[in-house]
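Enquirer: Residue-level listing of the chains:
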Amino acid sequence: MTTYNDKSRRAFLSLCLKGGASVAALTSLQLHALSNTLNSTNLTDYKALVCIFLHGGSDSLNMLVPTSGQYRTNYEQSRQNLVVTDAISLTTKTQFEGGVGLHPSMSSLTPIFDSGQLAFVGGVGTLMAPTTLTDYKSKSVSLPGHLFSHNDQQATWMHGQEKISLNTGWGARMLERLNQHSSFTSNISLAGSNPWQTGVNTSPYALSRSGVMKINPLSGYQPQVDHVKGIIDRLLANTNNPIQDAYANRLGRSISNVQNMNNLLEQAPTLTTQFSDNDLSQQLAAVAKSLSIQAQTGSQRQIFFVSLGGFDTHDEQLTRQPALFSTLATALSEFQSAVNELALQNNVTTFTMSDFGRTLTSNGDGTDHGWAGNQLLMGGAVNGQDLHGTMLDQQVNGPLDVGGGRLIPQYANEQYFAPIAKWFGLPESEIYELFPNSRNFDTFAMPLFNM
Amino acid sequence: MKTLVLLITFLALTGCGGGSDSNSNVAPENSSSDSPTSSTGNNTGSQPGDNNEQPDNTDDTNNDQDSGTQDDIGVAPIVDVKTPGNIVRKGATIVIDSVITGDSSELTYVWTQIAGPAATLVNSNSPSLTVILPETSSPNQDDLVFALTVTNNEGLSTYTEATIESVNAMSELQAASLLQQGTLGPTYAEIQSAAGKSEEEWINEQLEMQTTYHMPFLENYPDKEQPNHINRIDAWWKASINAPDQLRQRVAFALSEIFVVSDANSALRGEPEGMTTYYDMLLKNAFGNFRTLLESVTLSPVMGVYLSHLGNEKADLEKNIRPDENYAREVMQLFTIGLDELNLDGTKKLDNDGNAIPTYSQTEIGGFAKVFTGWTFAYSARWNRPSKNYTLPMQPFSEYHSSQEKHLLNNEVIPAGTGAEESMQLALDNLFMHPNVAPFISKQLIQRLVKSNPTPAYVQRIALIFNDNGTGTRGDMAAVVKAILLDDEARKYSSVFEHSGKIKEPILTKLHFWRTLNAASQLNRYYTWNLQSTYGQGPLLSPSVFNFFRPDHKPSELLNSGLVAPELQIATDSNMISTTNGHYSDLIWRMAERKNTLNPNTIYMYGAAQISILESAGLQALLDHYNIVYFAGSMSDATRNALVDLDSYFLNRSPADRVSQLLYMVSLSPDFNYQN
Numbered sequence: 001m002t003t004y005n006d007k008s009r010r011a012f013l014s015l016c017l018k019g020g021a022s023v024a025a026l027t028s029l030q031l032h033a034l035s036n037t038l039n040s041t042n043l044t045d046y047k048a049l050v051c052i053f054l055h056g057g058s059d060s061l062n063m064l065v066p067t068s069g070q071y072r073t074n075y076e077q078s079r080q081n082l083v084v085t086d087a088i089s090l091t092t093k094t095q096f097e098g099g100v101g102l103h104p105s106m107s108s109l110t111p112i113f114d115s116g117q118l119a120f121v122g123g124v125g126t127l128m129a130p131t132t133l134t135d136y137k138s139k140s141v142s143l144p145g146h147l148f149s150h151n152d153q154q155a156t157w158m159h160g161q162e163k164i165s166l167n168t169g170w171g172a173r174m175l176e177r178l179n180q181h182s183s184f185t186s187n188i189s190l191a192g193s194n195p196w197q198t199g200v201n202t203s204p205y206a207l208s209r210s211g212v213m214k215i216n217p218l219s220g221y222q223p224q225v226d227h228v229k230g231i232i233d234r235l236l237a238n239t240n241n242p243i244q245d246a247y248a249n250r251l252g253r254s255i256s257n258v259q260n261m262n263n264l265l266e267q268a269p270t271l272t273t274q275f276s277d278n279d280l281s282q283q284l285a286a287v288a289k290s291l292s293i294q295a296q297t298g299s300q301r302q303i304f305f306v307s308l309g310g311f312d313t314h315d316e317q318l319t320r321q322p323a324l325f326s327t328l329a330t331a332l333s334e335f336q337s338a339v340n341e342l343a344l345q346n347n348v349t350t351f352t353m354s355d356f357g358r359t360l361t362s363n364g365d366g367t368d369h370g371w372a373g374n375q376l377l378m379g380g381a382v383n384g385q386d387l388h389g390t391m392l393d394q395q396v397n398g399p400l401d402v403g404g405g406r407l408i409p410q411y412a413n414e415q416y417f418a419p420i421a422k423w424f425g426l427p428e429s430e431i432y433e434l435f436p437n438s439r440n441f442d443t444f445a446m447p448l449f450n451m
Numbered sequence: 001m002k003t004l005v006l007l008i009t010f011l012a013l014t015g016c017g018g019g020s021d022s023n024s025n026v027a028p029e030n031s032s033s034d035s036p037t038s039s040t041g042n043n044t045g046s047q048p049g050d051n052n053e054q055p056d057n058t059d060d061t062n063n064d065q066d067s068g069t070q071d072d073i074g075v076a077p078i079v080d081v082k083t084p085g086n087i088v089r090k091g092a093t094i095v096i097d098s099v100i101t102g103d104s105s106e107l108t109y110v111w112t113q114i115a116g117p118a119a120t121l122v123n124s125n126s127p128s129l130t131v132i133l134p135e136t137s138s139p140n141q142d143d144l145v146f147a148l149t150v151t152n153n154e155g156l157s158t159y160t161e162a163t164i165e166s167v168n169a170m171s172e173l174q175a176a177s178l179l180q181q182g183t184l185g186p187t188y189a190e191i192q193s194a195a196g197k198s199e200e201e202w203i204n205e206q207l208e209m210q211t212t213y214h215m216p217f218l219e220n221y222p223d224k225e226q227p228n229h230i231n232r233i234d235a236w237w238k239a240s241i242n243a244p245d246q247l248r249q250r251v252a253f254a255l256s257e258i259f260v261v262s263d264a265n266s267a268l269r270g271e272p273e274g275m276t277t278y279y280d281m282l283l284k285n286a287f288g289n290f291r292t293l294l295e296s297v298t299l300s301p302v303m304g305v306y307l308s309h310l311g312n313e314k315a316d317l318e319k320n321i322r323p324d325e326n327y328a329r330e331v332m333q334l335f336t337i338g339l340d341e342l343n344l345d346g347t348k349k350l351d352n353d354g355n356a357i358p359t360y361s362q363t364e365i366g367g368f369a370k371v372f373t374g375w376t377f378a379y380s381a382r383w384n385r386p387s388k389n390y391t392l393p394m395q396p397f398s399e400y401h402s403s404q405e406k407h408l409l410n411n412e413v414i415p416a417g418t419g420a421e422e423s424m425q426l427a428l429d430n431l432f433m434h435p436n437v438a439p440f441i442s443k444q445l446i447q448r449l450v451k452s453n454p455t456p457a458y459v460q461r462i463a464l465i466f467n468d469n470g471t472g473t474r475g476d477m478a479a480v481v482k483a484i485l486l487d488d489e490a491r492k493y494s495s496v497f498e499h500s501g502k503i504k505e506p507i508l509t510k511l512h513f514w515r516t517l518n519a520a521s522q523l524n525r526y527y528t529w530n531l532q533s534t535y536g537q538g539p540l541l542s543p544s545v546f547n548f549f550r551p552d553h554k555p556s557e558l559l560n561s562g563l564v565a566p567e568l569q570i571a572t573d574s575n576m577i578s579t580t581n582g583h584y585s586d587l588i589w590r591m592a593e594r595k596n597t598l599n600p601n602t603i604y605m606y607g608a609a610q611i612s613i614l615e616s617a618g619l620q621a622l623l624d625h626y627n628i629v630y631f632a633g634s635m636s637d638a639t640r641n642a643l644v645d646l647d648s649y650f651l652n653r654s655p656a657d658r659v660s661q662l663l664y665m666v667s668l669s670p671d672f673n674y675q676n
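These protein sequences, in sequence, are chains A and X. If you count by the UniProt record's numbering, then the first sequence holds residues 1 to 451, one letter each, in order. If you count by the UniProt record's numbering, then the second sequence holds residues 1 to 676, one letter each, in order.
All clues stand as given, with none of them false.
One side only, chain A facing chain X, incomplete, derived with CB under 8 Å:
1. Asn-151
2. Gly-199
3. Val-200
4. Gln-224
5. Asn-238
6. Ala-246
7. Ser-254
8. Thr-361
9. Ser-362
10. Asp-368
11. Gly-403
A partial selection of chain A residues facing chain X, derived with a Cβ cut-off under 8 Å:
12. Asn-201
13. Asn-216
14. Pro-217
15. Pro-242
Calculated from the structure, these hints are not laboratory results. Quick reminder that beta carbons are idealized off the backbone N, C-alpha and C, glycines included.
With these hints in hand, go ahead and build the complete structure from the sequences.
Expert: This is the structure in structure tokens:
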């Protein structure tokens, strides 16, 4: 019988679980010691990146709409019954033909936008190289695989590269390149496992919304807990093949991570910022709570993943989209308030990703899978109160329409990611390794950050 | 089964004088063959029929035809053989008797085996042959042929053959191994009932069993006049725990993870009858034809709402309205062919540059989107006044169906003017006939039932059955399921396969405990409200049409290994802890025998049978029992020792406490959670 041993895991486990099953196993000092053992790069500052994934493909071309002129006329002709009226006209640093109107359900974002902590990124999507309609039709440039397919396009956004044999997410790759991946507190998900946070040697710690999770068998009379924990450790060390070992690894890691995180969260301060009851606000509340204890975790770089589903508005878009945008805007503004309260506004950047934009044409009461879209970028370091990239001309059968009102992105999503990675601390030389296709573009064309 | 072949009587002459007085009864003096069918003497009396084992002295036989008609020849013994009347099992010792008509004195007997896996023959020179049949080496039956030559004192011989078909008699462990793949978690009674049967017998019994539908279990919510979402879950538990047609229930559950609908976060939450009808539809078609299943899925109003082709209209160019593409896309990507062209063995076809070849483009999506226009709830008075009947298949309104031509796969085009019903039939035929369907569906069913990483050869064997069940039928799901379970890669008789199993799905481990421990509440309610947040999954509760986990999910631990482990996609920290907490709550806090009083609402586990084993036969006997029921034989020594040491702490507790603690530790052990 072979027993597979993942040395780093065993070492980590034995460090974490020193003292048997005691719930109060680790002090923050010990955690500091632990993270120092594991982190070979000594970064001097702290930064966190919060990814909000809008599952289903947000119709973000309806989030920012033209307010006047020919762009408005084209938009109204294209969108017909799904037109957004009463858009809030934004004053952007850069002027755009037709103006920039924000969906009225997102009014709670205007104070943050006006304060310079929020920017939009327009006309962005998955691309492998600059692509024109002629290129698309003649197939003269490589295109991302399986355009318009949910899970493939989600993966392309989260991988930050086309599908290859070894698929890893760009969030995880950044942590690994910065040697920040070994501590579980560096990679936290409120929305389960996901490609963005899955790397060669890292996968996210899934934090529950409520934060602290009790582990039933390890609560109660200490001698019994110690005995039971000893047996669990023996069982988890006894595996016979890699798949079984992966299971044991997950369970063992879950137990130690939860115990450690519980200890830290119990020390978290109470914020004055109130979060709403909606799911996204609750996820971001948990992120804010984690940020409040970042000093104790010892992680110098953290990535967080939260998500909001329901954007696949094939039907009932007129009622579903305002609700989704309202939830998103509310959660974002609450979160930025909490970050500001923690005085971490220059250390924390929040950004959105989504499967794809949606068709300009309607299927009656909804839209189908499209391509280019708009994204949000928020934080004190962000070059805010502006739209970076472009306001797309929403014209069916126009020069960007590959069919049905699916618009070719004018900026690659890797042009969106690269400045974020640079802000996070990656040297420019490594950005091209992180995002292989970004070479084919003017990588830093969009000045997303105040640097 | 008894097959008696009385082939021929050889009328053999040793001379015109009517035989010799020699007692020679063994080797013929002039045999032209060492075949066991050679008769004594050099003259055989007649043509031995269609016997392949006949002597090759055919010319002699023909030449001697005339001599056989001589009046003065002797009479060879008249011999029959009697084989066991019942089903013969591998590894058994059986007796084959000779039956002589007439004078049985002074006969000699020679028994030999002439075909089949080698058996041990005892008393091969006596009237009754004792055969020790070989042990099980494959799931298929063994055909063994034995030859008997009886020679009388005149040297006249008679040759007969007997064929024995020996079938498997599964041991309890073998039965447990099959049942963990083919049930929702076997009980000991089910394992005992299957033991002694062959794999095929058990599967055939299951295939023929009456379907247990879930709708009869769907009750109204207390004090309400209709069922609630939780009543659908309640019905699922009741049927899943008690249904005798476990193989069908397991396959339907697997299908529910391929043809995904969900009321986890959709308006379908308010339609428990519709959701239950959908599950029943999967049950009904589990052993039917894939084409019928695909049509039933397509026309289900629940699917129509979930993937929004219900109420989907033809294009209206003035308003820039096109048909909804949702179902068109997912029926191809997820329900039939997948994104890339596949070989029969499930591997991707590659073009000259080594790239995968997409199965469809926007053209086909647009075509199928037009196909699925014009359909709405059955018996709707008008298109805009839908009946909201969630249980009957959808029906079309021709004026809302696109009459344009529709591009399908393989450059097939439905001509303009084709109606809704006919377009749908043509489109589903087009999908069904695509060569990807067999490997795409076969592999996923293997992954749901047997193992995460089937070899391409295994996938190909099943895909071949999918394409032709042996009698020319494509898409015979019963044949596919049977082939999956009988395959050597599932049964593992002849080879050791690497990575031969899968991680069990958390909801199925819970169900396994509930089945073995007769989980029940006094009010007979199974209201489990938080399955998704506790176990990361639940019946028809997927977060999206992409199921709880993808069939190609590679956890970070396996990135370099070439292996996938789909079920680990939901093995997040919080799910792992909440799952193990859920088991703790079931197995320890809610073990009925540990309670003095029972709350009528609470679902309790009843451990009496196991407690009784512990009390009467001791810990090792209980662990032997667990090794069969929960581990299907894969409890390692290390796991056993850990369980013994666990129990040492609880020795002075009640037997119910000890059983609870042991069960809980079983529930989290890697040996239990890996279905091997």
